[in-house]
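With chain U fixed as given, assemble chain X onto it according to the hints.
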Amino acid sequence: MKLNRKDILGIQELSVDEINLILETADSFIEISTREIKKVPTLRGKTIINLFYEASTRTRTSFEIAAKRLSADTINISASTSSVVKGETLIDTAKNLQAMNPDVIIIRHSAAGAPHVLAGLLKQSIINAGDGAHEHPTQALLDMMTIRSKKGGIAGLKVAIIGDIAHSRVARSNIYGLTKMGAAVFLAGPATMIPRNIEKMGVVVHTHIEEAIREADIIMMLRIQTEREKQNLFPSLREYAQYFSLNPKNIGLARKDVLVMHPGPMNRGVEISPDIADGPHSIILDQVTNGVAVRMALLYLLTGGSNS
Amino acid sequence: MNLLLKGGRLINPFRKVDGIGFLMIENGKIAESGMEPHRTGKSGRKGPPPDMEVLDLRGKIVVPGLIDMHTHLREPGFEYRETIASGSKAAVAGGFTSVACMPNTSPVNDNRSVTEYIRRKAAECGLANVYPIAAISLKSEGACLSEFQDLKDAGAVAFSDDGNPVMNASLMRRALEYASSLDMRIIDHCEDRNLSAGGMMHEGFVSSEIGLAGIPGVSEDVMIARDILLAEFTGAPLHIAHVSTAGAVRLIREAKIRGIQVTAETAPQYFTLTDEAVRTFDTATKINPPLRSAEDRAAIREGLRDGTIDVIASDHAPHARTDKEVEFDYAASGITGLETSLALSLRLVDEGILTLPDLIEKMTVHPAQILRIPKGTFADGADADVTVIDPEKEWTVDRGLFFSRGKNTPFHNWILKGKAVLTIVGGRIRYRDC
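Residue numbers (my numbering), protein chains in the order written: chain U, 93 to 400; chain X, 58 to 491.
It should be emphasised that the hints constitute simulated quantities derived from the structure, not laboratory data.
Any given hint could be a false lead.
[Stated by the list, open to error] When the alpha-carbon atoms are kept at most 27 Å apart in a straight line, the in silico BS3-like pairs for lysine-lysine are as follows:
(1) K98/U <-> K160/U
(2) K272/U <-> K242/U
(3) K178/X <-> K86/X
(4) K474/X <-> K464/X
(5) K160/U <-> K131/U
(6) K215/U <-> K178/U
(7) K73/X <-> K313/X
(8) K138/U <-> K160/U
(9) K348/U <-> K322/U
(10) K187/U <-> K381/X
(11) K138/U <-> K215/U
(12) K187/U <-> K464/X
(13) K381/X <-> K98/U
(14) K187/U <-> K215/U
(15) K381/X <-> K215/U
(16) K73/X <-> K474/X
(17) K215/U <-> K313/X
(18) K178/U <-> K313/X
So that you can see chain U by itself, here it is in the shape it has in the complex (with noise of 0.2 Å):
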């Protein structure tokens, strides 16, 4: 089977199949980065181009690991040092971009639909690696990756989010993920933190961590962003962290084998206290490396490999 589309902009857009089809093919990867020698030729002379106008360290670093295991050539741009400083618009630098003539294309930005302006523009494959508070598509499939490993499948599982739902794009790539493939997904957060009409998206909205971790096989904390609390979106780190972490008293109400994920970067301390995330629930590494398959996974299919 093939990936019959041309850009990955968001989970919205996949079917059920789709994504199955990009997390199957992301099970056949995930061997070759245990290997001795951890390339495949699979996309030797291919040029991949990782565009970010965002500070990333995780996902810049796992897409150009996937690109270079694939025997892909590699080029970061990040917004310091290219032409963007000197005030050259994306559509110009995107442009300029097509005409070297790169394969794919993986952007992140700042501001929501951003990949969706160089995708109407270029011939070029893009990936969205994450657009403002919109979607982070390869977060979601290596979360929705990890979790089938762990538990064998998705469909059924009790999932809760946890967090600044309003500005988080993993929350929104998951929630459209996680119900197609038909988990329940379950929200909490300050009031202030939970858009507006979200539970029309098809999720169950809370306003304490209790309520949605309750017999939760699967619990996702999300980051605070720190500035978030000059925007009177919180009181205080203070209370956010005694109100709306995860920790050793609260993780009880969830189920025994819950698995406790966080995209990172994480604040140790405030949304999740450390010795969950480094505990035995804690599934936060295979995240990590469950994305390097998955964006594998990704730029073979753009580039027209299939799933045999």
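Chain X in isolation, oriented as in the chain U frame:
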């Protein structure tokens, strides 16, 4: 040149005239109008004089020249977006014989010299009548009142800090009082800047899904509520610009019932589109106030139907490609509207929301009364400003063909029905497409 327009459906809402009629234009003025058959004029002569061009307008609609009381002509200062000349061409092509232009130019129209400059430029290009709206506060900064009397003497027809709300309630109170003493109206762009801060689109389910920061409807409503209370307290008349929310319609309806002198306008985008249009991240859909929810759109339509909303104005906001061909977050707000406003408004007639005379009233008599300009009717001796509409003409919106420099429209490639085919300003044909 003298003209006899005959055979068309003559609608003159001010006199409740609606029927097949004729209109005789002599020396730039309305010489005579009446119902067909046209027999003998008041002058007693039989038929039209020999030097008169006779236009047979069967199947067409003949209305007083349309007035768009909310446009941005961008000159002086932003000529790369629009000039008074290009905006005037767009106006007459859209069927508008008169436009009022907002003061957010550079420099801001907060003093006599800018008002006079706009009027002189408009006179030089000699197409549409251009009525400057002057700023409420110096530089529209919301701190000090501009010189209302001097601006009125220079030709300003109303006051507004459009683009910016007047956040200071005390300044708004004084502006209402002072303008009222001059028989002038304040037009407020109602937006609480603290509530709307950082927002890119309407706050609702769509913004929640696509992750763009929201501008809640209540940011408009709280300012309208405040302004209505101030209008009541001061007894001064108030006009609310570009109404976009259900809450606003309710507040204005209640205020009118209580006898407060409040009038309101909306724009075609607010009764045509919803926030669903923003899903594609097309920056042509970015406007302020933003495209609202389906419930808001329904309330706007009901407000037009029941008379709560007095005026349809385009909020013509032309932008250059450089303002719009960027990420949604960084794009300028605004839709270029003069050349699509009439056809989009005629859809309300097709959908049974307004009768044609009611629609024309909202685009002629009402804006003329609010701005206190001697326009909007076919009184004998009035300036011969006339718009002829072909209600059946189907056309495809092509932004490349706009006379306006602004090509920023979310209606590109829409097929619309109804178009101005003849625009007469002061007795002279300024646009002809028939």
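How the hints compare with the structure:
1. Straight-line distance between C-alpha atoms of K98/U and K160/U comes to about 21 Å, which keeps the hinted pair within the 27 Å bound.
2. This hinted pair checks out: K272/U and K242/U have alpha carbons roughly 19 Å apart, not beyond 27 Å.
3. Under the criterion of a C-alpha separation no larger than 27 Å, the hint pairing K178/X with K86/X is consistent with the structure, at around 23 Å.
4. A C-alpha spacing of about 20 Å is found between K474/X and K464/X, which places the hinted pair at or below 27 Å, so the restraint holds.
5. Distance hint between K160/U and K131/U is fulfilled; the C-alpha atoms sit about 7 Å from each other, no more than 27 Å.
6. Distance check on the hinted pair: K215/U and K178/U sit about 26 Å apart at the alpha-carbon level, within 27 Å; holds.
7. Note on K73/X and K313/X: the hinted pairing holds, with a Cα-Cα distance of about 23 Å set against a maximum of 27 Å.
8. For the hint linking K138/U to K160/U, the alpha-carbon distance of about 10 Å falls within 27 Å, and the restraint holds.
9. The suggested pairing of K348/U with K322/U is violated, with an alpha-carbon distance near 37 Å, which exceeds 27 Å.
10. Between the alpha carbons of K187/U and K381/X the distance comes to roughly 17 Å, so the proposed pair stays at or under 27 Å and holds.
11. Between K138/U and K215/U the CA atoms are separated by roughly 15 Å; this keeps the pair inside 27 Å, and the hint holds.
12. Distance restraint check for K187/U and K464/X: the Cα-Cα separation of roughly 22 Å lies within the 27 Å cut-off, and the hinted pair is therefore satisfied.
13. Taking the CA atoms of K381/X and K98/U, the gap is near 25 Å; set against the 27 Å cutoff, the hint holds.
14. The suggested pairing of K187/U with K215/U holds, with an alpha-carbon distance near 10 Å, which does not exceed 27 Å.
15. Of the pairs offered as hints, the one joining K381/X and K215/U holds, with about 22 Å between alpha carbons and a cut-off of 27 Å not exceeded.
16. For the suggested pair K73/X and K474/X, the alpha carbons sit about 25 Å apart, so the restraint of at most 27 Å is met.
17. With a C-alpha separation of about 56 Å, the suggested pairing of K215/U with K313/X is violated against the 27 Å cut-off.
18. Taken as a hint, the K178/U and K313/X pair is broken in the structure, with Cα atoms around 54 Å apart against an allowance of 27 Å.
Consistency with the previously given hints fails for numbers 9, 17, 18, ordered from lowest to highest.
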